[in-house]
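Trainee: Keeping their order, the protein sequence lines are chains A and B. Using this note's numbering, you'd call the opening residue of the first sequence number 4 and step up by one each time. Using this note's numbering, you'd call the opening residue of the second sequence number 33 and step up by one each time.
FYI, nobody ran anything at the bench for these hints, they're computed from the structure. Among the hints, a few may not be true.
[Stated by the list, open to error] Computed list of lysine to any residue pairs in SDA-like fashion (alpha-carbon distance at most 20 Å, straight line):
(1) Lys25(A) <-> Met220(B)
(2) Lys25(A) <-> Ala285(A)
(3) Lys244(B) <-> Arg196(B)
(4) Lys24(A) <-> Met220(B)
(5) Lys24(A) <-> Arg114(A)
(6) Lys24(A) <-> Asp204(B)
(7) Lys25(A) <-> Glu221(B)
(8) Lys322(A) <-> Asp370(A)
(9) Lys244(B) <-> Gly15(A)
(10) Lys406(A) <-> Thr337(A)
(11) Lys24(A) <-> Val219(B)
(12) Lys24(A) <-> Lys150(A)
(13) Lys404(A) <-> Thr345(A)
(14) Lys25(A) <-> Lys150(A)
(15) Lys25(A) <-> Gly89(A)
(16) Lys24(A) <-> Glu221(B)
(17) Lys150(A) <-> Ala181(A)
(18) Lys322(A) <-> Thr345(A)
(19) Lys25(A) <-> Lys244(B)
(20) Lys322(A) <-> Gly402(A)
(21) Lys322(A) <-> Ala375(A)
(22) Lys322(A) <-> Trp403(A)
(23) Lys25(A) <-> Val219(B)
[What the hints assert, rightly or not] Pulled a few chain B residues facing chain A out of the computed Cβ check, cut under 8 Å:
(24) Thr198
(25) Gly200
(26) Glu202
Because the structure is a prediction, the values reported are computed rather than measured. For each residue, glycine too, the CB sits at the ideal point set by N, CA and C.
These are the residues of each chain, in order.
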Amino acid sequence: MSLLTRWSLASGQRPIPYPDKKHMVIIDGQSLGLGHNGTAAERTQEGYRNRPASRMHRGLMRSDAALTMPLHGPLSQGYAADHATGLSFAVPVGNIPACLTFASALDLWRRQLGLPLHRMIVGFNGIGGQSIVQFDHDPLPDPFGTKIRDNHARWLAEMMSVEPTAVPLLYACIQGEADVSQTPEWYRAQAHVSYDAALDDIEAATGVRPPVVVWQTGAYTNGTTTNSGSTLAQLQLVEDYSAAFAGPLYPNFLADNVVHPTLDYQILHCEIAALVWAHREAGQNINLLPLAPIWSGNTVRIPFSVRPGRSLAFEAVDKYAAYGGLTNHGVEATGANITSVTLDGNAVVVTCDGPMTQVQIAMQSQDVSSFADGSLGNYGAHRCDIMESDPEDSLMLPGWKLKRFIPSCRFARP
Amino acid sequence: MGGVLRAGAAQRIYRGGSQMGAMFHGGQLVWAIPTPKIAQVYIDHTDAPLGNISALTARGSWAQSFSNIAFTGGAINAMEADGIRMNGNILRADMTRGPFGKITVLCDVTLTSAGLATFADLIAVNPAGATPTRIRMAYGTSFYRGIVPDNISNDFWVAPLNVRTTVGVEVDLVNGLSRLIGGDGEVMEVASLAAAPASITRIELFKACIGKCHSLAIIAEAA
Numbered sequence: 004m005s006l007l008t009r010w011s012l013a014s015g016q017r018p019i020p021y022p023d024k025k026h027m028v029i030i031d032g033q034s035l036g037l038g039h040n041g042t043a044a045e046r047t048q049e050g051y052r053n054r055p056a057s058r059m060h061r062g063l064m065r066s067d068a069a070l071t072m073p074l075h076g077p078l079s080q081g082y083a084a085d086h087a088t089g090l091s092f093a094v095p096v097g098n099i100p101a102c103l104t105f106a107s108a109l110d111l112w113r114r115q116l117g118l119p120l121h122r123m124i125v126g127f128n129g130i131g132g133q134s135i136v137q138f139d140h141d142p143l144p145d146p147f148g149t150k151i152r153d154n155h156a157r158w159l160a161e162m163m164s165v166e167p168t169a170v171p172l173l174y175a176c177i178q179g180e181a182d183v184s185q186t187p188e189w190y191r192a193q194a195h196v197s198y199d200a201a202l203d204d205i206e207a208a209t210g211v212r213p214p215v216v217v218w219q220t221g222a223y224t225n226g227t228t229t230n231s232g233s234t235l236a237q238l239q240l241v242e243d244y245s246a247a248f249a250g251p252l253y254p255n256f257l258a259d260n261v262v263h264p265t266l267d268y269q270i271l272h273c274e275i276a277a278l279v280w281a282h283r284e285a286g287q288n289i290n291l292l293p294l295a296p297i298w299s300g301n302t303v304r305i306p307f308s309v310r311p312g313r314s315l316a317f318e319a320v321d322k323y324a325a326y327g328g329l330t331n332h333g334v335e336a337t338g339a340n341i342t343s344v345t346l347d348g349n350a351v352v353v354t355c356d357g358p359m360t361q362v363q364i365a366m367q368s369q370d371v372s373s374f375a376d377g378s379l380g381n382y383g384a385h386r387c388d389i390m391e392s393d394p395e396d397s398l399m400l401p402g403w404k405l406k407r408f409i410p411s412c413r414f415a416r417p
Numbered sequence: 033m034g035g036v037l038r039a040g041a042a043q044r045i046y047r048g049g050s051q052m053g054a055m056f057h058g059g060q061l062v063w064a065i066p067t068p069k070i071a072q073v074y075i076d077h078t079d080a081p082l083g084n085i086s087a088l089t090a091r092g093s094w095a096q097s098f099s100n101i102a103f104t105g106g107a108i109n110a111m112e113a114d115g116i117r118m119n120g121n122i123l124r125a126d127m128t129r130g131p132f133g134k135i136t137v138l139c140d141v142t143l144t145s146a147g148l149a150t151f152a153d154l155i156a157v158n159p160a161g162a163t164p165t166r167i168r169m170a171y172g173t174s175f176y177r178g179i180v181p182d183n184i185s186n187d188f189w190v191a192p193l194n195v196r197t198t199v200g201v202e203v204d205l206v207n208g209l210s211r212l213i214g215g216d217g218e219v220m221e222v223a224s225l226a227a228a229p230a231s232i233t234r235i236e237l238f239k240a241c242i243g244k245c246h247s248l249a250i251i252a253e254a255a
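Chain A extracted, bound-state conformation:
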């Protein structure tokens, strides 16, 4: 009698029915990909939560040999020569990377939707604080050159050596905060270079070029000196790559009055991404994106791709009240003053006292850092309370809802 059979008899449980084929969940980026710097209790909680679904390498070492490779990767240190010897349970040490949170949530949503389950190999190979230009194959600029690509390629090679049948499920790069001063055109062009570099590496290692998932960044508390080019370009990247859209990060509550969400909100934004991805696996595109606006006199009607049977809704709770407030639901106009912001089905209807030349949502250029609470908790400068109606219950955080807010967007009158 096998150990597994004995265990099953002893515990009264059946082993979790995962097939052999594993998926690689590749989510790179800067600090929001690196994830929340968890306490010991938080790491234990997230490690346990992810235990059935997620796997990480074992045997890899950081280049300085200071420690066995943590789940959040070697960062700027790079890998030592030691090779991976297999896979193990994904246990966060220090940071809790977004790939781990996403994989955990996806496992739950696959179960919820009756989709096939697959164990997921997770790992992070980005570096906090880095511009999108550090994610390509160009040895310039300093300080890291091709470090991220080298680390990523090494991780892929090691994973394929220990799990040759693993399939890359998706590629994402939660990046953009380091490039908030750039223009949308600059960011879009550079993101193409860097995304393609990553996809080329993945395809070279695995033979598969996976789909892309895009998160919309832009949650700084001080938005007075930014062009928010990355924020706007990311909407275009969704179209460019036929990507799944994880949604905007601006609704998240921040833990540091700068840009980093609390663990709860990391879980929520990753679970929303997993919700979108799981529906994609089920054959449904539920990206929540702006559609072409309709201008008429002093009014513009901006429709969004809400799901059938749903509409847009204002969030019932004014979460911004204690953190500097919210004006006109996050809508701003140029060339005229807003007189009303209403919702009509799937559309935001903005009316002004004259013919406005531009309308934008959740793109405020403001510094709200002075409104942080005593624990440095705050919301970012980009704010809006318009969301898709009837949000699902979170499977990761009982009692919470997966509120899908409309993304930051800007429209000029043609």
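With chain A held as given, fit chain B onto it using these hints.
Mentor: Using the frame of chain A, we list chain B on its own:
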């Protein structure tokens, strides 16, 4: 050889020669062990008499089991109403027969605190040998990991605190393998017993562990 060695009141359920035994707890099948084996011991809080485990050898029907697997030490590893209290002491199981081809140890436990020492070993097979196989919690951590003979570590996460879970170790000398099984039935197999001991003589349980062991099984099989 061997025969049914399951101890205590539940031994009655196990009669029937080579048929699989079973015990029900709260209406749910929680344990079953096939027979025969060279030596086999099973301790469960629903049928073992309360008191020190090491003293069970002197208690009636339990004596038969412990003539083959002798528990010593760990005076305060007492059987209580909901399981064996783990207070940090080592409960040692000496295998008084053999040689064995395979040893299986399964524990159904709830850990309530991080380990008391640098390493808290829930299960350690051949702890003093050159190639021990352990389920170990490092000091200050709140979860266990498996330590197999080639010192692979950080790789086998067993359970968080305060969550009841069943984990186990199998040391297969015939095939030169160690296997560890975690709380969800994931088996890690490591072919690392090339320098294995010729025999297994000792198992240590609960070293520096805090919590409850609701049931425990040790099964020794021939080559």
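Trainee: All hints are to be evaluated individually against the structure, with a verdict given for each.
Mentor: Comparing the hints with the structure gives:
1. Lys25(A) <-> Met220(B): holds (16 Å)
2. Lys25(A) <-> Ala285(A): holds (18 Å)
3. Lys244(B) <-> Arg196(B): holds (9 Å)
4. Lys24(A) <-> Met220(B): holds (17 Å)
5. Lys24(A) <-> Arg114(A): Status holds; Cα separation ~17 Å.
6. Lys24(A) <-> Asp204(B): violated (27 Å)
7. Lys25(A) <-> Glu221(B): holds (18 Å)
8. Lys322(A) <-> Asp370(A): holds (17 Å)
9. Lys244(B) <-> Gly15(A): At roughly 18 Å apart (the allowed maximum being 20 Å), glycine 15(A) and lysine 244(B) satisfy the hint.
10. Lys406(A) <-> Thr337(A): violated (28 Å)
11. Lys24(A) <-> Val219(B): Holds, at roughly 16 Å.
12. Lys24(A) <-> Lys150(A): violated (29 Å)
13. Lys404(A) <-> Thr345(A): Not OK: lysine 404(A) and threonine 345(A) at ~23 Å, beyond 20 Å, violated.
14. Lys25(A) <-> Lys150(A): Given that 20 Å is the threshold and the Cα spacing comes to 26 Å, the pair is violated.
15. Lys25(A) <-> Gly89(A): holds (13 Å)
16. Lys24(A) <-> Glu221(B): This hinted pair holds, its Cα atoms lying about 18 Å apart.
17. Lys150(A) <-> Ala181(A): holds (17 Å)
18. Lys322(A) <-> Thr345(A): Holds, because 19 Å separates the two Cα atoms, which is no more than 20 Å.
19. Lys25(A) <-> Lys244(B): violated (35 Å)
20. Lys322(A) <-> Gly402(A): holds (17 Å)
21. Lys322(A) <-> Ala375(A): This hinted pair holds, its Cα atoms lying about 13 Å apart.
22. Lys322(A) <-> Trp403(A): The hint holds at about 14 Å.
23. Lys25(A) <-> Val219(B): holds (16 Å)
24. Thr198: holds (4 Å)
25. Gly200: holds (6 Å)
26. Glu202: holds (4 Å)
Going down the numbered hints, you'll see the structure goes against 6, 10, 12, 13, 14 and 19, while the others check out.
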